[in-house]
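Participant: One letter stands for each residue in the lines below.
There are 2 protein chains.
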Amino acid sequence: MLPTTFLFALGAGIGSVTIAPVNSAPLGFFDSGVGGLTVVRAAQELLPAEDILYLGDTARLPYGSKSPETIRQFADEDVRFLISKGVKAIVVACNTATAHALPQLREQYRVPILGVIEPGVDAAVSCPNVERVGIIATRGTIGSHAYQHALALRKTGLIIHGQATPLLVPLIEENWIDHPATRQILKSYLYPLVEKGIDTLMLACTHYPLLIPVLKDLLPAEIRLVDSATTCAEHLKTELTRLDLLNPEARDGTLEIHLTDLSDEFESLAKQFLKKSPGRIRRAVLGS
Amino acid sequence: MLPTTFLFALGAGIGSVTIAPVNSAPLGFFDSGVGGLTVVRAAQELLPAEDILYLGDTARLPYGSKSPETIRQFADEDVRFLISKGVKAIVVACNTATAHALPQLREQYRVPILGVIEPGVDAAVSCPNVERVGIIATRGTIGSHAYQHALALRKTGLIIHGQATPLLVPLIEENWIDHPATRQILKSYLYPLVEKGIDTLMLACTHYPLLIPVLKDLLPAEIRLVDSATTCAEHLKTELTRLDLLNPEARDGTLEIHLTDLSDEFESLAKQFLKKSPGRIRRAVLGS
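As you go down the protein sequences, you meet chains A and B in turn.
Our numbering puts the first sequence at residues 33 to 320.
Our numbering puts the second sequence at residues 33 to 320.
Careful, some of the hints might be misleading.
Estimated spans, in silico, between C-beta atoms of each pair [what the hints assert, rightly or not]:
#, chain 1, residue 1, chain 2, residue 2, range
1, B, 319, A, 116, 14 to 22 Å
2, B, 319, A, 184, 46 to 54 Å
3, A, 226, B, 231, 44 to 52 Å
4, B, 187, A, 252, 54 to 62 Å
5, A, 270, B, 246, 36 to 44 Å
6, B, 140, A, 317, 55 to 63 Å
Hint data in this document are derived by calculation from the structure and do not stem from the laboratory.
From a predicted model like this one, the values you see are computed outputs, not experimental measurements.
Glycine included, every Cβ here is placed at the ideal spot set by N, Cα and C.
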């Protein structure tokens with residue numbers, strides 16, 4: 033596999049074989065599981081003509097509790113899979129993988145690779161009154177300090193509180209969003225941040241947008257919620273425009289989901305995340 | 033790799049090279065994470081002279097939510113790793129892997145392989161008054177019906193209620209055993225079983241023995257708790273005796289832990305599970 037030369041081959045055509053131009057190639061997204069579909073949904077709204085190929089590494093989920101070294105290895109295999117499918121750009125639709133693996137992936141592959149952290153951080157500091165920022169995320173994302181560094185680089189004097197919230201992904205994946213236990217766990221995680229006077233709460237995991245209704249109910253109204261899905265989709269549109277990679281056709285793009293482990297639960301969760309049926313789901317074999 | 037011939041090579045010696053006899057070879061245990069250490073602890077008490085080699089597939093945990101096909105693939109790789117280390121027998125110290133993979137593993141490999149389900153079921157039906165049995169386990173174990181079938185085979189007329197309790201492993205792995213949210217989640221899972229009049233509750237996941245104090249507090253005193261750790265260790269002793277595989281030396285056995293992903297959290301949890309320090313933990317690379 034020669035991933036770095038792939039885009040050139042795609043764009044140029046070889047001999048008499050007709051090869052689709054890069055612009056009509058799909059966008060690749062990956063996450064450990066279902067969470068990245070919040071980013072897909074936002075991207076579909078902004079970029080309706082684009083085909084999307086989604087990889088969920090459900091056989092090895094979750095990523096958030098695993099070590100940086102292991103996350104980098106998994107993310108590398110995910111990217112190789114998407115490149116082998118001919119994607120024109122890749123979105124790391126997982127905060128833990130963005131935090132630990134994005135710099136290495138960008139060094140290693142020539143295909144444009146976008147993460148979810150920088151767009152979210154830009155959105156958080158876009159409000160001039162922001163002073164105290166809380167971040168909720170997996171243990172891996174918090175431990176990486178990627179959000180804390182990115183925020184500090186963009187605005188001096190910010191007070192930043194990171195809170196690992198490792199039980200939220202299992203609760204969301206079990207579809208216990210409205211369960212009293214979820215509220216109790218959210219209170220345990222969030223009230224210390226509220227007591228510290230945060231004005232902004234960053235939902236630094238692509239699963240967390242599903243908790244927004246519960247969060248709005250539990251938190252004081254003046255705390256601003258920032259999630260990375262919409263901002264990442266906007267950043268993706270800007271980057272595709274800048275790189276002249278947009279699909280110019282007037283068409284409805286497709287969504288093709290590949291998972292490393294198939295389950296009925298994924299399908300019902302995917303419906304919730306996408307607000308529509310995910311269509312036929314395929315089994316992905318990585319590292320081949 | 034020739035796993036089926038390995039034990040013969042171990043026992044026979046090759047040329048002038050001195051090879052340890054099979055009886056002094058270590059026992060192999062595997063689980064997706066830390067849970068199997070409850071079985072290790074019970075085995076260490078009953079079989080103090082035995083060396084134990086433990087594999088935790090922490091890079092891909094949990095197993096309980098994944099498909100039978102994926103579990104079988106993971107369990108096969110786990111067994112191959114242990115065989116490559118020269119173990120004389122293997123304990124599948126994970127209920128989900130026992131439920132989905134044990135028959136296939138026994139067909140494929142000649143080394144004795146024991147699971148956690150049959151000893152637990154034998155213990156459950158050993159009480160003559162048992163009539164209504166509740167089973168709590170991962171979604172994978174409940175969905176496999178392995179416990180339900182094994183119980184029904186041993187005693188006719190039993191009323192059996194399986195309850196998937198998928199959030200318990202994340203809660204235990206986060207060390208939230210005494211948290212009010214854990215009690216609330218346990219109530220959600222268990223009270224329907226209590227209402228159905230169970231007299232026996234099987235803790236059909238090797239993580240669950242850590243919940244016994246909370247369970248005793250939440251459940252009526254007349255409900256008998258059966259966990260698989262102690263019964264599995266007793267079965268292991270019986271089998272090693274029958275196969276003439278016991279280590280006859282008067283010595284203190286060692287414990288060597290290998291993990292596919294290293295984390296600080298594992299070490300602190302392992303201390304709780306083993307009631308002592310786990311010693312130096314090594315990184316395992318599977319499938320090589």
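Participant: Please write out, lowest number first, the hints stated earlier that are contradicted by the structure.
Facilitator: 2, 5 and 6
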